[in-house]
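J.: These are the residues of each chain, in order.
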Amino acid sequence: MKYVDEFRDGTLARGLAARIAAEVQPGHRYQFMEFCGGHTHAISRYGIAELLPPAVRMIHGPGCPVCVLPIGRIDQAIGVALDRGAIVCTYGDTMRVPASRSLSLTQAKAQGGDIRMVYSAADALKVARAQPGREVVFFAIGFETTTPPTALVIRQAAQERLANFSVLCCHVLTPSAITYILESPEVRRYGAVPIDGFVGPAHVSIVIGSRPYEHFAAVYRKPVVIAGFEPLDVMQAVLMLVRQVNEGRAEAENQFLRAVTREGNLAAQRVVQQVFEVRECFEWRGLGEVPFSALKIRSEYAGFDAERRFGLVYAPVPDHKQCECGAILRGVKRPTDCKLFGNVCTPENPVGSCMVSSEGACAAHYAYGRFRDAREGREAA
Amino acid sequence: MRKAISIALTPDVALGDYVIVHVGHAIGTLDAEEAAATLALFAELAASGAAAGGGVA
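Order-wise, the sequence lines are chains A and B.
With the first letter of the first sequence counted as 1, position 212 gets the number 212 in the numbering used here; the numbers rise by one all the way through.
With the first letter of the second sequence counted as 1, position 31 gets the number 31 in the numbering used here; the numbers rise by one all the way through.
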């Protein structure tokens, strides 16, 4: 496919790896966090970790939308389906996230809940039009990439005066999460991972632009390089980060110039601004309560807010005791540090959220990385 | 593969443009000149990397 295959060329990747190896300074270690789950997946799938010199370590960040969704929010969606008889529409990845009472949305569906997987928010609206006698709730999750489509359907529902449609809004914000990783008290308690720089998200940045990272880079003295999702993009971004570290710079740079501008997608930002406002606090799985890190529906659209419509109250629920998703999402532990990884917890039967989505650190490592571990184990023996 | 997508978020898109699609919506357009410049830079960096001999594989 044009604009995809050229960015996956193996020979160029090895050349870029050699360039990075030539520029890392002797005796210096470089630890970079890729915030976004799409990058986590690419790094595992294309073997980028093996191509990089040993001095460069990639740390997986919390930018996997399904992974950061707390149990309490999935419980709300299940409750609306099972106890209130509403049709709940949601994205496929959300279906298998483990929730309370040994349930997931998939299991709640097996128990008779009318829960439907949709590809797009617009599909949820179609269900509402087709079923005027039923309450239809769109369980909306994700970062700044999935938020504009949700805003569009809420605005559309208002124009059509659809009385049976509402949205359970769990949209979260990237910049506040990145900031929180560096400054939250819990992160200090867990022991902070020294991070020398961040690979900034691809699709999120198409929407919000590169500007929101400029303040962050300056205030926290951490380089940020926004990168595309293809392997060569990630390699070039790592090279740009290595150069910033070597030169003592901390700037927001943009590798993904073919899609990301400084201002971002203004049409998308406008519709989001019109429909949503910032929540004072929102719980993230693995990070806990993060201030000003999520969106809620503005009062002008209150009729389409499932939380108000059904009087939902949020109740936090702790994760499985032995699950290390919290520490893994903060980059403090690796998937293989978790006792449950690969035996009790697998992609077919996930215990923790990081094993659910292919963008999760555990699922990515299970699918690709464990073969590398096995190979290294044999070589060492 | 053919798929219907919404262009409500990219009102300026024109026939023949490449767009980036997320959950059924075009969220941005692809700048062909920037894409070509990035590919050219990859080739340049990779060549200088190979010349530097900093191989890891």
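None of these hints come from the bench; they were simulated from the model.
Backbone N, C-alpha and C define an ideal beta-carbon position, used for all residues, glycine too.
Mixed in with the good hints, there may be bad ones.
Restraint-style ranges between C-beta atoms, simulated for each label pair [stated by the list, open to error]:
#1 PRO11(B) - TYR314(A): 48 to 58 Å
#2 ARG270(A) - VAL21(B): 40 to 50 Å
#3 GLY24(B) - ALA374(A): 16 to 26 Å
#4 ARG243(A) - ASP12(B): 30 to 40 Å
#5 ALA14(B) - ARG29(A): 29 to 39 Å
#6 PHE292(A) - VAL21(B): 45 to 55 Å
#7 SER6(B) - PHE292(A): 22 to 32 Å
#8 LYS321(A) - ALA36(B): 28 to 38 Å
#9 ALA32(B) - SER100(A): 25 to 35 Å
#10 ALA14(B) - LYS321(A): 51 to 61 Å
J.: State, for the Cβ atoms of ALA32(B) and SER100(A), whether the hinted interval 25 to 35 Å holds or is violated.
T.: Violated, since ALA32(B) and SER100(A) (Cβ atoms, about 49 Å apart) do not stay within the stated range.
J.: Does the Cβ-Cβ separation between PHE292(A) and VAL21(B) fall within 45 to 55 Å?
T.: violated, 29 Å
J.: Does the Cβ-Cβ separation between ARG270(A) and VAL21(B) fall within 40 to 50 Å?
T.: violated, 20 Å
J.: Just tell me: holds or violated, for the beta carbon distance of ALA14(B) and ARG29(A) against 29 to 39 Å?
T.: Since ALA14(B) and ARG29(A) have Cβ atoms about 47 Å apart, the given range 29 to 39 Å is violated.
J.: So does LYS321(A) sit 28 to 38 Å from ALA36(B), Cβ to Cβ?
T.: Taking Cβ atoms as reference, LYS321(A) and ALA36(B) lie about 53 Å apart, which means the hint is violated.
J.: Taking 30 to 40 Å as the hint, is the beta-carbon distance of ARG243(A) and ASP12(B) inside that range?
T.: At roughly 34 Å between Cβ atoms, ASP12(B) and ARG243(A) fall inside 30 to 40 Å, so the hint holds.
J.: Does the hinted range 16 to 26 Å hold for GLY24(B) and ALA374(A) at CB?
T.: With a Cβ separation near 39 Å, GLY24(B) and ALA374(A) fall outside 16 to 26 Å, so the hint is violated.
J.: Does the Cβ-Cβ separation between ALA14(B) and LYS321(A) fall within 51 to 61 Å?
T.: 55 Å Cβ-Cβ, so the 51 to 61 Å window holds.
J.: If I claimed the Cβ atoms of SER6(B) and PHE292(A) lie 22 to 32 Å apart, would that claim hold in this structure?
T.: holds, 29 Å
J.: PRO11(B) and TYR314(A), beta-carbon distance inside 48 to 58 Å?
T.: Violated - the Cβ-Cβ distance for PRO11(B) and TYR314(A), about 36 Å, lies outside 48 to 58 Å.
Checked against the numbered hints given earlier, the structure breaks hints 1, 2, 3, 5, 6, 8 and 9 and satisfies all the rest.
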